[in-house]
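J.: Okay, here's what each chain looks like letter by letter:
Number of protein chains: 2
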Amino acid sequence: MKMICTACKATFEGAQLRCVSCSGPLDVMPLTEGTIRRGDKPGASILERYLDFLPLDRVNTALALGEGNTPLLPSGKLAEVSGIGKLFFKNEAQNPTWSFKDRGTAVGVQYAAAHGYKRIGAVSTGNMAASVAAYGARAGMDTFIFVSDRIDVEKVSPIAIYGPHLFKVAGDYSQLYFETLKIGAENDIFFINSDVPLRVEGSKTIAFEICEQLSFDAPDYVVVPTSAGGNFRGIAKGFMEFHKLGFINKMPHMVCAQAAGCSPIHNAFSQGKSVVERVEHPDTIAHAINNPFPPSGNAVLSILGEYNGVSVSVTDEEMIRAQKMLAEEGLFVQPDSAVTLAATIKLGQDGLMEKDASVVCVLTGSGLKFTKALELHDIKSHNVGIGEVGKYISKQFG
Amino acid sequence: MKMICTACKATFEGAQLRCVSCSGPLDVMPLTEGTIRRGDKPGASILERYLDFLPLDRVNTALALGEGNTPLLPSGKLAEVSGIGKLFFKNEAQNPTWSFKDRGTAVGVQYAAAHGYKRIGAVSTGNMAASVAAYGARAGMDTFIFVSDRIDVEKVSPIAIYGPHLFKVAGDYSQLYFETLKIGAENDIFFINSDVPLRVEGSKTIAFEICEQLSFDAPDYVVVPTSAGGNFRGIAKGFMEFHKLGFINKMPHMVCAQAAGCSPIHNAFSQGKSVVERVEHPDTIAHAINNPFPPSGNAVLSILGEYNGVSVSVTDEEMIRAQKMLAEEGLFVQPDSAVTLAATIKLGQDGLMEKDASVVCVLTGSGLKFTKALELHDIKSHNVGIGEVGKYISKQFG
Numbered sequence: 001m002k003m004i005c006t007a008c009k010a011t012f013e014g015a016q017l018r019c020v021s022c023s024g025p026l027d028v029m030p031l032t033e034g035t036i037r038r039g040d041k042p043g044a045s046i047l048e049r050y051l052d053f054l055p056l057d058r059v060n061t062a063l064a065l066g067e068g069n070t071p072l073l074p075s076g077k078l079a080e081v082s083g084i085g086k087l088f089f090k091n092e093a094q095n096p097t098w099s100f101k102d103r104g105t106a107v108g109v110q111y112a113a114a115h116g117y118k119r120i121g122a123v124s125t126g127n128m129a130a131s132v133a134a135y136g137a138r139a140g141m142d143t144f145i146f147v148s149d150r151i152d153v154e155k156v157s158p159i160a161i162y163g164p165h166l167f168k169v170a171g172d173y174s175q176l177y178f179e180t181l182k183i184g185a186e187n188d189i190f191f192i193n194s195d196v197p198l199r200v201e202g203s204k205t206i207a208f209e210i211c212e213q214l215s216f217d218a219p220d221y222v223v224v225p226t227s228a229g230g231n232f233r234g235i236a237k238g239f240m241e242f243h244k245l246g247f248i249n250k251m252p253h254m255v256c257a258q259a260a261g262c263s264p265i266h267n268a269f270s271q272g273k274s275v276v277e278r279v280e281h282p283d284t285i286a287h288a289i290n291n292p293f294p295p296s297g298n299a300v301l302s303i304l305g306e307y308n309g310v311s312v313s314v315t316d317e318e319m320i321r322a323q324k325m326l327a328e329e330g331l332f333v334q335p336d337s338a339v340t341l342a343a344t345i346k347l348g349q350d351g352l353m354e355k356d357a358s359v360v361c362v363l364t365g366s367g368l369k370f371t372k373a374l375e376l377h378d379i380k381s382h383n384v385g386i387g388e389v390g391k392y393i394s395k396q397f398g
Numbered sequence: 399m400k401m402i403c404t405a406c407k408a409t410f411e412g413a414q415l416r417c418v419s420c421s422g423p424l425d426v427m428p429l430t431e432g433t434i435r436r437g438d439k440p441g442a443s444i445l446e447r448y449l450d451f452l453p454l455d456r457v458n459t460a461l462a463l464g465e466g467n468t469p470l471l472p473s474g475k476l477a478e479v480s481g482i483g484k485l486f487f488k489n490e491a492q493n494p495t496w497s498f499k500d501r502g503t504a505v506g507v508q509y510a511a512a513h514g515y516k517r518i519g520a521v522s523t524g525n526m527a528a529s530v531a532a533y534g535a536r537a538g539m540d541t542f543i544f545v546s547d548r549i550d551v552e553k554v555s556p557i558a559i560y561g562p563h564l565f566k567v568a569g570d571y572s573q574l575y576f577e578t579l580k581i582g583a584e585n586d587i588f589f590i591n592s593d594v595p596l597r598v599e600g601s602k603t604i605a606f607e608i609c610e611q612l613s614f615d616a617p618d619y620v621v622v623p624t625s626a627g628g629n630f631r632g633i634a635k636g637f638m639e640f641h642k643l644g645f646i647n648k649m650p651h652m653v654c655a656q657a658a659g660c661s662p663i664h665n666a667f668s669q670g671k672s673v674v675e676r677v678e679h680p681d682t683i684a685h686a687i688n689n690p691f692p693p694s695g696n697a698v699l700s701i702l703g704e705y706n707g708v709s710v711s712v713t714d715e716e717m718i719r720a721q722k723m724l725a726e727e728g729l730f731v732q733p734d735s736a737v738t739l740a741a742t743i744k745l746g747q748d749g750l751m752e753k754d755a756s757v758v759c760v761l762t763g764s765g766l767k768f769t770k771a772l773e774l775h776d777i778k779s780h781n782v783g784i785g786e787v788g789k790y791i792s793k794q795f796g
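Just so you know, the sequences run in chain order A and B.
Note that my numbering numbers the first sequence so that position 331 is 331, with each residue one more than the last.
Add 398 to a position in the second sequence, counting from 1, and you land on the number used in my numbering.
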């Protein structure tokens, strides 16, 4: 496997996690040819379908959990509400652990097993932790999950159930990502953290599926909730690769959507900077994208610059409103995922997105992941005795 | 659409909900020919794939949410633990609202819309309520959801978010299913309750997918968590139809798995009775299968009788142990779904299931649906300061 640094463009052989010269995030060198391997069975792993475009020699199906293969849904009412005529939702909440993270984890675990690793790990208190714990369990590997010691028990339990070695770490949690580069090397633990090259490779498959689902007519905009930057990079890389291979005839504009309470990439991009600065007091309900100093932030900035990208931030209120709008279209997602719709509405209203554009919002995770957000929504109910139900309905709705 | 009563065998035209002569549950008359329509796009609805075998003339994709298409995973370690060599898990937790209910709801909504209904409904406090609320929202229909007034707010919120008309009903909730037969007719509400014929048709697709995923080599046993009986009937009917059409060369033994605290079907079957009796004091943590007087109970009994079926009940302790075992294989499911593994282990140990049999456990819903069950599992963690992590790991795991 050949790697290239997204920052200094140095190249390497083998699965490094960061550039050894400048510590920048690495990309797997894009392949120059390949074919989509269409299968004919329901529920197949997308790793086999896209094997030609992934840094894997083969797929060990015993390690797979049925990742990917998620629907792309054309919007109903929301196309009207948002004013965007061709609006689509890519629903990543139908993955094995109910978030997009499974794609990157699946690729990482395949690679780790093929290269003799018996241990994997991740620094995460949310979707990624659950995903890595699940795939580690599936693979029968020792799995090391590092959460912050301030995490609630409600968030720990759905991770712990998979049986990983669980570490509650006291101190500056944001430092831990960088610590694990060393810890992993010293203890033969293959870390599949937020923006490592193999996780980025997994995220490419979101773009591949969108291309296929739109019959290779690439969308004009793809809106991605952006935290560390790994998923954004992966989706962009997927489109780039299919574009280079001539599968699609244009690159979409990539939209980096962040929460106003923690938007280091949007801050830098809107000020024309090429380097992100740490957000000092991050504060948003969108915990899954609450990364104050994203390790792939600069790499995202350079993709935005190169491909006429857009960045946008939305308030928690806009996000919660969008969460409700999505649910009323049948899609119950995390607040973080709702950022995409809120961003689309904003860009439409500000005239920054054409009304006839085709737009794909990537919904990254299930609403069941963070049910505390439900407390922000009003619940109205009719309270009625069983003997009165028929009469009540005829009167109220007759 | 032609219907046949599962009890008195009377036949009808049109979408009745129960038999007008004897009140028995109805089946859609099986089709005598058809072809699987293989698609080549990821994440497609299975309604189009199996259209020939469903009582629909066409599929309106605007009403679909990407239902079905769930993975069938060969077991890893659990094949050894359970002593069953060819053990598979059908993971229904990857549906749009994270349970199998979406298949039946999807078929019901298609039918309702095609026949001019503007209102749908369901009596449910759990998976079915969320599913019907989501599909109703997607279809832009007025959706009537009837929950018990004793339901916790934590269970209501993930239903209410979709924006249905929500009714909290006081009184004997188990009577409400029968009330809605009348309420629906009087108010033009198409109820897609637990065991109505169209929901049963949706559940058939679980069997269809299993057949395809096993390359049309039918499994020896299919284990289904059984509550009202609609899903059990649907899965059995799917296998029967593919068997009749010659797609598979045998009928699997259907296994009806219930919780010991509420096992009316198992009670009747193990005593050789052909009619279920109401369980007076149901008590199990498996809320999703806690139905003391299943409306399709007798229909399930007759399927068990006709096809050499098996029934089994397991305790809450066995269920929770099985939930943990599944999670340690990468599958975090509801306690109700874990009943299948607990039942399989029991049947294997009792010598009632051959060691070389192929067995499919149907995992009906996500573990995130009922996180209170997590409190029954121990959580162990290593507590460590950020400066000590490297040293700690080298020492403990070096």
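The reader is advised that the hints may include incorrect statements.
[As the list claims (entries may be wrong)] Part of the chain A face toward chain B, derived, beta carbon under 10 Å:
#1 L73
#2 M251
#3 D283
#4 K380
[What the hints assert, rightly or not] Computed cross-link-like contacts, DMTMM-like style, restricted to lysine to aspartate or glutamate with a CA-CA straight-line distance of at most 20 Å:
#5 B:K553 to A:E388
#6 A:K391 to B:D570
#7 B:K648 to B:E678
#8 B:K484 to B:E715
#9 B:K566 to A:E388
#10 A:K168 to B:E552
#11 B:K439 to B:D425
#12 B:K553 to A:D57
#13 B:K789 to A:D172
#14 A:K346 to A:E388
#15 A:K380 to B:D618
#16 B:K722 to B:E478
#17 A:K372 to B:D748
#18 A:K2 to A:D40
The set of hints was computed from the structure by calculation and includes no laboratory data.
Glycine is no exception: its CB is placed at the ideal position from the N, C-alpha and C atoms.
J.: Among the hints numbered above, which are violated by the structure, and what are their numbers in rising order?
T.: 2, 3, 5, 7, 8, 10, 11, 12, 14, 15, 17, 18
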